[in-house]
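Asker: Sequence:
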Amino acid sequence: MQQPQSPVNAADPERTAAIEGTVPEFLRTPAQGAPQNMPPVMPLPMDQRPNQYSQFGRSGLPNHANAADRLRGQYVSHGVLPLVVMMVIPMIAAAVWPVAGLIAAALLFWLLFTVGYSETAQLDRESKRGGERKGSDSALRIVQLPWHLVKGLAATIARTLQFALLDVLCMVFAAIALDLPWQQVPMPNGYWPYQVPWLTDVAPFSVTNLVAAGVAATAWILTSLWPFSEAIRLAAGAMRGRSVANQPSNQPDQQYRPNQPNV
Numbered sequence: 000m001q002q003p004q005s006p007v008n009a010a011d012p013e014r015t016a017a018i019e020g021t022v023p024e025f026l027r028t029p030a031q032g033a034p035q036n037m038p039p040v041m042p043l044p045m046d047q048r049p050n051q052y053s054q055f056g057r058s059g060l061p062n063h064a065n066a067a068d069r070l071r072g073q074y075v076s077h078g079v080l081p082l083v084v085m086m087v088i089p090m091i092a093a094a095v096w097p098v099a100g101l102i103a104a105a106l107l108f109w110l111l112f113t114v115g116y117s118e119t120a121q122l123d124r125e126s127k128r129g130g131e132r133k134g135s136d137s138a139l140r141i142v143q144l145p146w147h148l149v150k151g152l153a154a155t156i157a158r159t160l161q162f163a164l165l166d167v168l169c170m171v172f173a174a175i176a177l178d179l180p181w182q183q184v185p186m187p188n189g190y191w192p193y194q195v196p197w198l199t200d201v202a203p204f205s206v207t208n209l210v211a212a213g214v215a216a217t218a219w220i221l222t223s224l225w226p227f228s229e230a231i232r233l234a235a236g237a238m239r240g241r242s243v244a245n246q247p248s249n250q251p252d253q254q255y256r257p258n259q260p261n262v
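0 is the number of the first residue of the sequence shown in numbering that gives the first Met the number 0; add one for each residue after it.
Incorrect hints may have been included.
The calculated label-pair distances, taken between Cβ atoms and stated as ranges, are [stated by the list, open to error]:
| id | residue 1 | residue 2 | range |
| --- | --- | --- | --- |
| 1 | 128 | 148 | 21 to 27 Å |
| 2 | 172 | 128 | 48 to 54 Å |
| 3 | 161 | 185 | 26 to 32 Å |
| 4 | 164 | 193 | 16 to 22 Å |
| 5 | 194 | 239 | 45 to 51 Å |
Simulated from the structure, these hints should not be mistaken for laboratory data.
All residues carry an ideal CB built from backbone N, CA and C; glycine is no exception.
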């Protein structure tokens, strides 16, 4: 049966024949064995569709394989508040004696670094087991404690020097701005042949000591929340306890991101 011609074919049959003559023969004839009628593509049911969050969380980062890695990130984020509260210790110590604030900060740093390295080793062991915690981990912590103390002491020296530098700089600016009393005094036992400026009104809870307390608190916040301080924040979060870290968070799929401050 002859098919009816379209208006274009009926209007200009010579032009239609010329156009059909330009198409190669192998393009005008279907390939042998090719299906003439393709079956329609049916959509998958909702329960069989791939879950877009099965391999990646809502944050776009891969989900962790066990709870130990997730707990590590929660410790780091939950350790900010304890560090802010801990600034009271060097602040009160500096209010009694300015140098005592530096000593208190150094002891706190040593404690935090030691706990942080111990907890990091424990979480690494749990991560290798898929999040499982064994009874022998407590014995391993005791055995590794001397090494973590030495490692924490090395990190404490560098962090205490940073605290002392910030404390001295802030104290100099405060003394100049507030016109605190000072004078040139020689070093004890003559170790330094030159005299150095020193604040004179250093009685407990005097105006100078109260200023030193505020400066010590500022130096503690800047030093403890300094970038690349995951060990300190992890230790502070671990000291809050696992029950706090395991509480549901409003931020889903919270991951551990090293070398980034979680403030």
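Asker: Hint numbers the structure violates, sorted upward?
Answerer: Violated hints: none; all satisfied.
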